[in-house]
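Following the hints, position chain S against chain G.
Spelled out from the first residue to the last, the chains are:
2 protein chains.
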Amino acid sequence: MKRTAFFVSDSTGITAETLGRSLLTQFDDIEVKTVSVPFVAQPELARELVERVAQVAAEDGARPIVFSTLTDQGIYEIVAASEALVLDLFSVFIRPLEIEFNLGSTHASGRSHGMANRASYEVRMEAVSFALQHDDGASTRHYNDADLIMVGVSRSGKTPTCVYLAMQFGLRAANYPMTEDDISRPGLPHAVAPYTDKLFGLSIDPERLRQVRGERQPNSRYASLSQCRKEVKECEALLRREGVPLLDTTNLSVEEIASRILLKTGIERRLR
Amino acid sequence: MKRTAFFVSDSTGITAETLGRSLLTQFDDIEVKTVSVPFVAQPELARELVERVAQVAAEDGARPIVFSTLTDQGIYEIVAASEALVLDLFSVFIRPLEIEFNLGSTHASGRSHGMANRASYEVRMEAVSFALQHDDGASTRHYNDADLIMVGVSRSGKTPTCVYLAMQFGLRAANYPMTEDDISRPGLPHAVAPYTDKLFGLSIDPERLRQVRGERQPNSRYASLSQCRKEVKECEALLRREGVPLLDTTNLSVEEIASRILLKTGIERRLR
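Chains as they are written, first to last, in my numbering: chain G, 1 to 272; chain S, 1 to 272.
Isolated chain G (complex conformation):
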């Protein structure tokens, strides 16, 4: 069975897409082609979409699904009259909130992923810039300004986690790779030792590490299982000894790693 789902919005469509994809993951045994249709802010664009829906319905032999976050009532009604099953985030949830708050909603578009709040947007962008400047131990000068300093062996997941923490939560996360030298010495490396309260350790299963490193440098000592085992074991021991919290990233996505770090450390996100 083949189906098409449209994510439709008068702005970026990120909310419709996040919602729609989450819902679709709940269904196995169905192949759904997804199409993002952002910036549907004029009636003509809504009418074009209705035509496209009809065409896809004919091709698929089944009606498409539309996940909508359209805020404009007139445009929404054009889309609602299409052949699709239209699941509208706003009509379902906005009304109970209006009643609860005893307030009308604004029906303004582009509020959630636009520039409605420039101050918090700039916090995020600064954090992304911080993550890049302090990636892989590149600079250790501004560790004072870091919310968090991730430590771990090479390829344990530090970099994408730092970038995600910045983009999603506005947190300034640096990362410092624990080299062979670092883990063979007693005590924490000089660069991070003054910041024990900001340190967070990432670890990974040596077999998985071997695989990840092997994709970069096949048949190298760096990617050998014995080397991966040794580094992981020594690095974990060092971090435990120094009281640095540790998370095994082997089966976790960056989203899961980031959520767990916040939960474990109690660090407050800088956005809202």
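Derived from the structure by calculation, the hints contain no laboratory data. Don't take every hint at face value.
Straight-line C-alpha distance at most 27 Å; calculated DSSO-like pairs for lysine-lysine [stated by the list, open to error]: (1) K264/S - K233/S; (2) K33/S - K264/G; (3) K264/G - K233/G; (4) K33/G - K264/S; (5) K2/S - K33/S; (6) K2/G - K33/G.
Computed footprint of chain S on chain G; a stretch qualifies when at least three of its residues, placed anywhere within it, have a C-beta under 8 Å from a C-beta of chain S [what the hints assert, rightly or not]: (7) 64 to 72; (8) 81 to 89; (9) 102 to 110; (10) 115 to 121; (11) 127 to 141; (12) 229 to 241; (13) 247 to 256.
Where is the CB? At the ideal position from N, CA and C, for every residue including glycine.
For chain S alone, coordinates are given in the frame of chain G:
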């Protein structure tokens, strides 16, 4: 009026948070404190949440809002019996989809932001790594593998856009800064000239550029309005002459920039 909203999930809570924040942006004149409660996967954690909700309700003098994506029926029922207004994404939308697909849903948790699909996760992580390696012209060796090469003057928004395109869509985006030398010469810089079909230009209002640069290097020639005006004007002229698409990023968030680039170029995201 003060209110508290909880984003509750048995996994990362990203979907509940995205949905909840989008809905809350529709209400002005109300101050909402938000609290993320991820990984509510055991009944005890659900009961703790119910207690917390009661406490917050007493403090606020108004019932909290719970945005939920709980997939386990038993855990959901514990939370649904709390004092909060519970808005549940799953109970509202899953049922119509089950009818539409004539299929039961899996009620599995952690599907949307976890490791359910390792292949597409790795595409994203590779793309993040690509963006960092090819940031700010750092390396131009693998431009062949890029989906997109962003060009523009320093601080026009290239870096965060590349990182976002990688994280969200799995696209490999490099970025190349157009220096004074580059824009004073006729033709595109040698490093990017062979890849005209991959180039995308970002521009920015000179006044805004002056402000952004001034935060980095106050009172510098680099941040002077005359310098910003000159660079923006010459860079725009060069890119127009060379037929490179251009987007003004002055009032756009990275999410909006990324969505518009995809819409304008027709580049397909690499995820799903």
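We went through each hint and held it up to the structure:
no.	hint	in the structure
1	K264/S - K233/S	22 Å, holds
2	K33/S - K264/G	21 Å, holds
3	K264/G - K233/G	22 Å, holds
4	K33/G - K264/S	21 Å, holds
5	K2/S - K33/S	8 Å, holds
6	K2/G - K33/G	8 Å, holds
7	64 to 72	holds (count 3)
8	81 to 89	holds (count 3)
9	102 to 110	holds (count 6)
10	115 to 121	holds (count 3)
11	127 to 141	holds (count 4)
12	229 to 241	violated (count 0)
13	247 to 256	holds (count 6)
When the structure is compared with the earlier hints, a violation turns up for hint 12 alone.
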